[in-house]
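Participant: Start from the sequences and build out the full structure, keeping to the hints where you can.
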Amino acid sequence: MCTFHGQPCTYLRGPLPRKRRKATDPPEYRSQPNGSGSGSVPGMTHLNLNYPHGLNMTIPLDHHDEVEYPSPELLEALSPSLAGSENLGPAHRQPSLLDGTLGLHLKTHSEYVGLTNYREPCLLDLHPPEDPHTRSVRRLDDFTIFMIHRDRETTSETQRIADLDAIEKVVHPLGASLVNLYFRIVHPSFPILHKKVFLEKYARSYHEFSPPLLAAVYLLALDWSIFDRTLSTSSWQPDQSRLEALALRTMNDDMKRPKISTLQAGLLIQQRAKNNTWTFTSQLIALSHGLGLHVDCSDWAIPEWEKGLRRRLAWALFMQDKWGALVHGKPCLIRPDEDWDVRPCRIEDFPENAADEEHDPEGSAEVVIGRELFLRHIELSLILSDVLRTFYTAKATRRNGTLEQIGTIGVAELAKPIVLMLRDWYAALPEALQLQGTRMKKLSANGSLHLSYTAIDLALHRALLRNVSAVAPPELRHAIRMGARTRLVSAMTIISNLQPEHTQSFWGFMASAQLASIGTFAGLLWATSDDDLEATFYCERVEEYLWSLRVRSQAVPFARDALRMLEAEVGGLGPVRASNLPMEMMRI
Numbered sequence: 001m002c003t004f005h006g007q008p009c010t011y012l013r014g015p016l017p018r019k020r021r022k023a024t025d026p027p028e029y030r031s032q033p034n035g036s037g038s039g040s041v042p043g044m045t046h047l048n049l050n051y052p053h054g055l056n057m058t059i060p061l062d063h064h065d066e067v068e069y070p071s072p073e074l075l076e077a078l079s080p081s082l083a084g085s086e087n088l089g090p091a092h093r094q095p096s097l098l099d100g101t102l103g104l105h106l107k108t109h110s111e112y113v114g115l116t117n118y119r120e121p122c123l124l125d126l127h128p129p130e131d132p133h134t135r136s137v138r139r140l141d142d143f144t145i146f147m148i149h150r151d152r153e154t155t156s157e158t159q160r161i162a163d164l165d166a167i168e169k170v171v172h173p174l175g176a177s178l179v180n181l182y183f184r185i186v187h188p189s190f191p192i193l194h195k196k197v198f199l200e201k202y203a204r205s206y207h208e209f210s211p212p213l214l215a216a217v218y219l220l221a222l223d224w225s226i227f228d229r230t231l232s233t234s235s236w237q238p239d240q241s242r243l244e245a246l247a248l249r250t251m252n253d254d255m256k257r258p259k260i261s262t263l264q265a266g267l268l269i270q271q272r273a274k275n276n277t278w279t280f281t282s283q284l285i286a287l288s289h290g291l292g293l294h295v296d297c298s299d300w301a302i303p304e305w306e307k308g309l310r311r312r313l314a315w316a317l318f319m320q321d322k323w324g325a326l327v328h329g330k331p332c333l334i335r336p337d338e339d340w341d342v343r344p345c346r347i348e349d350f351p352e353n354a355a356d357e358e359h360d361p362e363g364s365a366e367v368v369i370g371r372e373l374f375l376r377h378i379e380l381s382l383i384l385s386d387v388l389r390t391f392y393t394a395k396a397t398r399r400n401g402t403l404e405q406i407g408t409i410g411v412a413e414l415a416k417p418i419v420l421m422l423r424d425w426y427a428a429l430p431e432a433l434q435l436q437g438t439r440m441k442k443l444s445a446n447g448s449l450h451l452s453y454t455a456i457d458l459a460l461h462r463a464l465l466r467n468v469s470a471v472a473p474p475e476l477r478h479a480i481r482m483g484a485r486t487r488l489v490s491a492m493t494i495i496s497n498l499q500p501e502h503t504q505s506f507w508g509f510m511a512s513a514q515l516a517s518i519g520t521f522a523g524l525l526w527a528t529s530d531d532d533l534e535a536t537f538y539c540e541r542v543e544e545y546l547w548s549l550r551v552r553s554q555a556v557p558f559a560r561d562a563l564r565m566l567e568a569e570v571g572g573l574g575p576v577r578a579s580n581l582p583m584e585m586m587r588i
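The letter at position 498 of the sequence shown is residue 498 when you use full-length UniProt numbering, and the numbering goes up by one with no holes.
By construction, these hints were calculated from the structure, which means they are not laboratory data. Hints may contain errors.
[What the hints assert, rightly or not] 27 Å max Cα-Cα, derived DSS-like pairs, lysine-lysine:
#1 Lys416 with Lys330
#2 Lys195 with Lys442
#3 Lys195 with Lys256
#4 Lys330 with Lys256
#5 Lys256 with Lys169
#6 Lys274 with Lys330
#7 Lys330 with Lys307
#8 Lys274 with Lys307
#9 Lys169 with Lys195
#10 Lys307 with Lys195
#11 Lys395 with Lys416
#12 Lys416 with Lys195
#13 Lys169 with Lys307
#14 Lys330 with Lys395
[Claimed, not checked] Derived CB-CB ranges, DEER-like:
#15 His478 with Asn400: 25 to 31 Å
#16 Thr279 with Asp165: 27 to 33 Å
#17 Trp425 with Gln159: 43 to 49 Å
#18 Ser235 with His289: 45 to 51 Å
#19 Lys395 with Thr493: 35 to 41 Å
#20 Ala432 with Pro331: 34 to 40 Å
#21 Met482 with Glu567: 26 to 32 Å
#22 Arg389 with Asp424: 17 to 23 Å
#23 Asn400 with Ser282: 27 to 33 Å
#24 Glu379 with Thr493: 19 to 25 Å
#25 Trp425 with Ser241: 36 to 42 Å
#26 Arg249 with His289: 41 to 47 Å
We put the CB at the ideal spot given by N, CA and C, even for glycine.
Facilitator: Given below as structure tokens:
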């Protein structure tokens, strides 16, 4: 306006953050999930399988003019109640959960403008983009700006639709059953999607998704086909290999126009252990920085439910980084003390509650317990971060590095507060999260939490064992080895205490490596034994553990993977004197 009137601009600041909706606003105008007039049935918890998949009424933010509305004839054929184009124009369309969101639109992707970027946030408001149809600026608060890019520059919409059709063809007509199965079993303890948003979109058309996300949901759900009557009795099963290939190929294309759905798809794909690579994790972390997931979104002008989704997604990525670093033996990429400003998840960040599972069939996971499991996994990942930062960095473990300089006594002192932290964490677990806390006809993901706790405890004592020097006080050496022995015996009981309700639930990508770490820990104790008697003891423990995995391997895929890993690395140990082993083997 200033340019139009030939006057100097006196408004040098960006637009102020939008005021939040008041609690007294009519429910149909709220953007939060529990009060959104989304055009779907209120309280919807499962799919309406009779909804016409060809009807798409989602309107991307600020692009209502580009939407093609269905003809009155088509609406009359689909449903008489939808006929009448006067109710479907931009001015009268139904509010959607996606209104006002940042990273959830199909045809745009956002780019977080970092503080050292060549763009200066306070200057971006002064000059409009040269072509507003391909790029725009969105300010979320006084300090946060995103560049919004149109997707047409990097991918073909025709190709996206073709990919979605190819994915749907692989699972048709079982797609809806797979979606329901995913939200029954995977989602409760790994809530990186917004269930109501996903179902709202799926009820309209599978064309509303990014291809890798839809493929990833189908792919994970296929592992639990036996828990769905339609899937388990079907004479035809989807081609899992074909679906996996489509997920990976479309994921590569989606990374050219990254959005929240890209990160969600990547995390889901990585939960299948064979698809988990450190390079893939690194790409997802870099992608998340472009989405601004590493900064606090509390004051952003976006719907409250998207803030909760962003926090859950950010912490899921944090866990992926820490466990990926441990599993692959690589440095952590997320530094919580420096480049991580994400507020801890709260109960309000989880939209589902116990009422959402009232009608779930047998074999489902419990929503409330799943939420608590997710929060406890976050706590464990923070402790794991301390372990890795203290004992497993390049500077700490190098020759004449930090650990070698402080000696065995110093290393034990460093470990003491973390040991106490782990002990307090375990003591504070509620009864519902105990390993024995299973319910009839309900799957329980508690086992993954206890295995993660054990893996962190062993990683800590593995560092202690490696740093017992020849000049360490005998009583300290004895205490460290006895503590390690006690933890090994305790860890080996986990696999035998797992019930079918545990093993058939959702386990993340790290489960097989966590189980393998128990056998590796026993191998380290064997390799550093003081005499033949002690070496024989640990050799027998390894053989017992391998047998426990072997008898469960047919029913438990991650146990089969752990068995394969261990037999290739530590199988066939004999009662060899540690004194006869080369120094390299003493520091496994």
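Participant: Hint by hint, note whether the structure agrees.
Facilitator: Cross-check of the supplied hints:
no.	hint	verdict
1	Lys416 with Lys330	24 Å, holds
2	Lys195 with Lys442	20 Å, holds
3	Lys195 with Lys256	26 Å, holds
4	Lys330 with Lys256	26 Å, holds
5	Lys256 with Lys169	25 Å, holds
6	Lys274 with Lys330	17 Å, holds
7	Lys330 with Lys307	30 Å, violated
8	Lys274 with Lys307	31 Å, violated
9	Lys169 with Lys195	23 Å, holds
10	Lys307 with Lys195	15 Å, holds
11	Lys395 with Lys416	20 Å, holds
12	Lys416 with Lys195	42 Å, violated
13	Lys169 with Lys307	34 Å, violated
14	Lys330 with Lys395	13 Å, holds
15	His478 with Asn400: 25 to 31 Å	27 Å, holds
16	Thr279 with Asp165: 27 to 33 Å	30 Å, holds
17	Trp425 with Gln159: 43 to 49 Å	47 Å, holds
18	Ser235 with His289: 45 to 51 Å	47 Å, holds
19	Lys395 with Thr493: 35 to 41 Å	36 Å, holds
20	Ala432 with Pro331: 34 to 40 Å	36 Å, holds
21	Met482 with Glu567: 26 to 32 Å	28 Å, holds
22	Arg389 with Asp424: 17 to 23 Å	19 Å, holds
23	Asn400 with Ser282: 27 to 33 Å	29 Å, holds
24	Glu379 with Thr493: 19 to 25 Å	23 Å, holds
25	Trp425 with Ser241: 36 to 42 Å	40 Å, holds
26	Arg249 with His289: 41 to 47 Å	24 Å, violated
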